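Chains as they are written, first to last, in our numbering: chain A, 182 to 273; chain B, 17 to 284.
Take these hints with a grain of salt, some might be off.
To be verified - The calculated DSS-like cross-link candidates involving lysine-lysine, where the alpha carbons are at most 27 Å apart (straight line), are:
{"#": "1", "chain 1": "B", "residue 1": "Lys39", "chain 2": "A", "residue 2": "Lys245"}
{"#": "2", "chain 1": "B", "residue 1": "Lys23", "chain 2": "B", "residue 2": "Lys35"}
{"#": "3", "chain 1": "B", "residue 1": "Lys158", "chain 2": "A", "residue 2": "Lys245"}
{"#": "4", "chain 1": "A", "residue 1": "Lys196", "chain 2": "B", "residue 2": "Lys158"}
{"#": "5", "chain 1": "B", "residue 1": "Lys141", "chain 2": "A", "residue 2": "Lys245"}
{"#": "6", "chain 1": "B", "residue 1": "Lys81", "chain 2": "B", "residue 2": "Lys141"}
{"#": "7", "chain 1": "A", "residue 1": "Lys231", "chain 2": "A", "residue 2": "Lys196"}
{"#": "8", "chain 1": "A", "residue 1": "Lys245", "chain 2": "B", "residue 2": "Lys35"}
{"#": "9", "chain 1": "A", "residue 1": "Lys204", "chain 2": "B", "residue 2": "Lys30"}
{"#": "10", "chain 1": "B", "residue 1": "Lys23", "chain 2": "A", "residue 2": "Lys245"}
{"#": "11", "chain 1": "B", "residue 1": "Lys30", "chain 2": "A", "residue 2": "Lys231"}
{"#": "12", "chain 1": "B", "residue 1": "Lys30", "chain 2": "A", "residue 2": "Lys245"}
{"#": "13", "chain 1": "B", "residue 1": "Lys141", "chain 2": "B", "residue 2": "Lys53"}
{"#": "14", "chain 1": "A", "residue 1": "Lys204", "chain 2": "A", "residue 2": "Lys231"}
{"#": "15", "chain 1": "A", "residue 1": "Lys245", "chain 2": "B", "residue 2": "Lys32"}
{"#": "16", "chain 1": "A", "residue 1": "Lys204", "chain 2": "B", "residue 2": "Lys23"}
{"#": "17", "chain 1": "A", "residue 1": "Lys245", "chain 2": "B", "residue 2": "Lys60"}
{"#": "18", "chain 1": "B", "residue 1": "Lys23", "chain 2": "A", "residue 2": "Lys231"}
{"#": "19", "chain 1": "B", "residue 1": "Lys53", "chain 2": "B", "residue 2": "Lys30"}
{"#": "20", "chain 1": "B", "residue 1": "Lys53", "chain 2": "A", "residue 2": "Lys231"}
{"#": "21", "chain 1": "B", "residue 1": "Lys39", "chain 2": "B", "residue 2": "Lys53"}
{"#": "22", "chain 1": "A", "residue 1": "Lys196", "chain 2": "B", "residue 2": "Lys30"}
{"#": "23", "chain 1": "A", "residue 1": "Lys196", "chain 2": "B", "residue 2": "Lys23"}
{"#": "24", "chain 1": "B", "residue 1": "Lys141", "chain 2": "B", "residue 2": "Lys32"}
{"#": "25", "chain 1": "B", "residue 1": "Lys32", "chain 2": "B", "residue 2": "Lys53"}
{"#": "26", "chain 1": "B", "residue 1": "Lys53", "chain 2": "A", "residue 2": "Lys245"}
Hint data in this document are derived by calculation from the structure and do not stem from the laboratory.
Note that the structure is a prediction, hence the values are computed from the model and not measured.
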Amino acid sequence: MIVRILGEGQLVLDKEALVELNKLDNELMAAVEAGQQEPFESAMEALLGKVRELGTPLPVEELKPSDFILPAAHSSLDEVRDLLSSDGLIPG
Amino acid sequence: MADGVMKRMSLIFKSKANKALDKYEDPRETLDYSYQKQMELLQKVRRGVADVATSRKRVELQMKKLQQESDKLEGQARKALELGREDLAREALTRRANIVTQITDLNSQYESLQGQEENLVRQSKQLESKVEAFRTQKETIKATYTAAQAQAQIGEAFSGISEEMGDVGMAIQRAQDKTAQLQARASAVDELMASGALDDPTGLSKDDITRQLESLSSGGAVDDQLAQMKQELSGGEKKALESGSGTSYAGKTDEISDADVLKDGGAA
Numbered sequence: 182m183i184v185r186i187l188g189e190g191q192l193v194l195d196k197e198a199l200v201e202l203n204k205l206d207n208e209l210m211a212a213v214e215a216g217q218q219e220p221f222e223s224a225m226e227a228l229l230g231k232v233r234e235l236g237t238p239l240p241v242e243e244l245k246p247s248d249f250i251l252p253a254a255h256s257s258l259d260e261v262r263d264l265l266s267s268d269g270l271i272p273g
Numbered sequence: 017m018a019d020g021v022m023k024r025m026s027l028i029f030k031s032k033a034n035k036a037l038d039k040y041e042d043p044r045e046t047l048d049y050s051y052q053k054q055m056e057l058l059q060k061v062r063r064g065v066a067d068v069a070t071s072r073k074r075v076e077l078q079m080k081k082l083q084q085e086s087d088k089l090e091g092q093a094r095k096a097l098e099l100g101r102e103d104l105a106r107e108a109l110t111r112r113a114n115i116v117t118q119i120t121d122l123n124s125q126y127e128s129l130q131g132q133e134e135n136l137v138r139q140s141k142q143l144e145s146k147v148e149a150f151r152t153q154k155e156t157i158k159a160t161y162t163a164a165q166a167q168a169q170i171g172e173a174f175s176g177i178s179e180e181m182g183d184v185g186m187a188i189q190r191a192q193d194k195t196a197q198l199q200a201r202a203s204a205v206d207e208l209m210a211s212g213a214l215d216d217p218t219g220l221s222k223d224d225i226t227r228q229l230e231s232l233s234s235g236g237a238v239d240d241q242l243a244q245m246k247q248e249l250s251g252g253e254k255k256a257l258e259s260g261s262g263t264s265y266a267g268k269t270d271e272i273s274d275a276d277v278l279k280d281g282g283a284a
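Excised from the complex, chain A in its bound form:
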C-alpha cells in the first residue's frame, strides 16, 4: 500500500503495517477531535515516524494514487482540522 506524507512524498508499506498505523491514527484522530495540543503533536510525530520507519519511497517516475494521506510534518492542529473538515485547502 502507498502512504503519502504531504510535503514529503509517497512511501510504499506492507499491508501488515496497517494494524499498527491504524492504532496510531486513531490516537491522532482522538487528539484532533479533543483539540488537545500536546497529544496531537506527539500522535503526529509517532504516526509520521512509523510511516517513515516502515516505508520505502515510491520512485518518482511512478504515478500512483495513495491509499492513505497524512498531513505535513509540523502541521498545526488548526491546519489538520481544516484539512479534514473541507476540501477547501486542497487546490484543484
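Assemble chain B onto chain A, guided by the hints.
This is chain B only, laid out in the frame that chain A set:
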C-alpha cells in the same frame, strides 16, 4: 465517521480527482487536457518557488538592517558612557535590547522559512518528474486504449498526478503564508523606523541619541576652539584678557582635555 485521519484525507483528495475526471466523456480527452493543465501548474509552481525565494531575501535584508542598527546603538552606548552620560547609554542599550529581541524572533521564523523553501524546491523537482512520467504514460494509454483496463490506468495516473499537484499546491500556500507573515513583521519594523522609534539606517534622519551625542561633541569642539583662542591671547595680549574678565581660566584645562575626547568620540 469511524475513519481516521489517513483515510479521510485520501478520500478528500480522491473525490477532487474524480470530479475532474468525470467532466469528460472520453477519458483520453482528460489525459490531454490534464497534461496541458499540469504544464500550466508547473509554471505556477516554479513562479511560486521563485516568489518565496524573493521574499526570503527581502526578510534577510531587513534582518541585516536591524543588525546594523543594533551594532550602532551599542557604539552609541559606549560613546555616551565615555561622555559620562549614563542615562543616554542606558537608553541606547534599552533600544538595542528591543531590536535584539526582534532579530532573534525573525531569525527563527527565517530558518523555518528556509526549510520550507528547500522542501519546495525538492517537491517541485519531483513534480516535474511526475509530469514527465504522466506524459509518457498518457501516450502509452492512448495507444492501447481499446483495452478495457486503460480506463483503470487513466484513473490511476490521473489520481496520482492530481494528488501530487494538490500536495505541492498546499506546500506553496504554506510557504507563501509564512513569507506574508514575515513581511508583515518586517514592515512593522520599517514603520517603527519611520516613526523615529528606531534609527533610520540610511542616515537621512538622525535619532535623538545621535543628536544629543553630537551636541555634546560640538559643545566640546567650541570649548576646544575657545581654549585655543585663549592660549593665543595669553601669549600676546595677556593683559587685555586678564583685565577683561578678572577671573582665571586655569581651572578649565581639565575640561578642555575632556572636550578633546568628546570630539574624537563624535567624529568616530
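Here is what the structure says about each hint:
The straight-line distance between the Cα atoms of B/Lys39 and A/Lys245 is roughly 21 Å, inside the 27 Å bound, and the hint therefore holds. Distance hint between B/Lys23 and B/Lys35 is fulfilled; the C-alpha atoms sit about 18 Å from each other, no more than 27 Å. Between B/Lys158 and A/Lys245 the alpha-carbon distance is near 18 Å, which keeps this suggested pair within the 27 Å criterion. A threshold of 27 Å between alpha carbons decides the hint, and for A/Lys196 with B/Lys158 the separation of about 32 Å lies outside it, so the pair is violated.
Proposed proximity of B/Lys141 and A/Lys245 is supported: the alpha carbons are some 17 Å apart, at most 27 Å. For a cut-off of 27 Å, the pair hint linking B/Lys81 to B/Lys141 is broken: about 34 Å separates their Cα positions. Distance restraint check for A/Lys231 and A/Lys196: the Cα-Cα separation of roughly 14 Å lies within the 27 Å cut-off, and the hinted pair is therefore satisfied. Between the alpha carbons of A/Lys245 and B/Lys35 the distance comes to roughly 17 Å, so the proposed pair stays at or under 27 Å and holds.
Restraint check for A/Lys204 and B/Lys30: satisfied, since their Cα atoms lie roughly 23 Å apart, inside the 27 Å limit. Taking the CA atoms of B/Lys23 and A/Lys245, the gap is about 16 Å. The hint holds against a cut of 27 Å. A threshold of 27 Å between alpha carbons decides the hint, and for B/Lys30 with A/Lys231 the separation of about 24 Å falls inside it, so the pair holds. Between B/Lys30 and A/Lys245 the CA atoms are separated by roughly 12 Å; this keeps the pair inside 27 Å, and the hint holds.
A hinted pair counts as satisfied when its Cα atoms are at most 27 Å apart, and B/Lys141 with B/Lys53 qualifies at roughly 17 Å. With a C-alpha separation of about 11 Å, the suggested pairing of A/Lys204 with A/Lys231 holds against the 27 Å cut-off. For the hint linking A/Lys245 to B/Lys32, the alpha-carbon distance of about 15 Å falls within 27 Å, and the restraint holds. At roughly 13 Å between alpha-carbon atoms, A/Lys204 and B/Lys23 fall within 27 Å of each other, so this suggested pair holds.
Only pairs whose Cα atoms come within 27 Å are accepted, and A/Lys245 paired with B/Lys60 is accepted, the gap being roughly 23 Å. Taken as a hint, the B/Lys23 and A/Lys231 pair is honoured in the structure, with Cα atoms around 16 Å apart against an allowance of 27 Å. Taking the CA atoms of B/Lys53 and B/Lys30, the gap is about 18 Å. The hint holds against a cut of 27 Å. Proximity of B/Lys53 to A/Lys231 is assessed by CA-CA distance (about 35 Å); at most 27 Å being required, the pair is judged violated.
For the hint linking B/Lys39 to B/Lys53, the alpha-carbon distance of about 14 Å falls within 27 Å, and the restraint holds. Annotation: proposed proximity of A/Lys196 to B/Lys30 holds, straight-line Cα distance about 20 Å (limit 27 Å). Between A/Lys196 and B/Lys23, the direct Cα distance comes to roughly 14 Å. Compliance with the 27 Å bound is thereby established for this hinted pair. Simply put, B/Lys141 and B/Lys32 have alpha-carbon atoms about 23 Å apart, close enough for the 27 Å limit, and the pair holds.
Pair hint B/Lys32 plus B/Lys53 holds up; C-alpha atoms about 15 Å apart against a cutoff of 27 Å. Taken as a hint, the B/Lys53 and A/Lys245 pair is honoured in the structure, with Cα atoms around 18 Å apart against an allowance of 27 Å.
Consistency note: the structure conflicts with the earlier hints numbered 4, 6 and 20.
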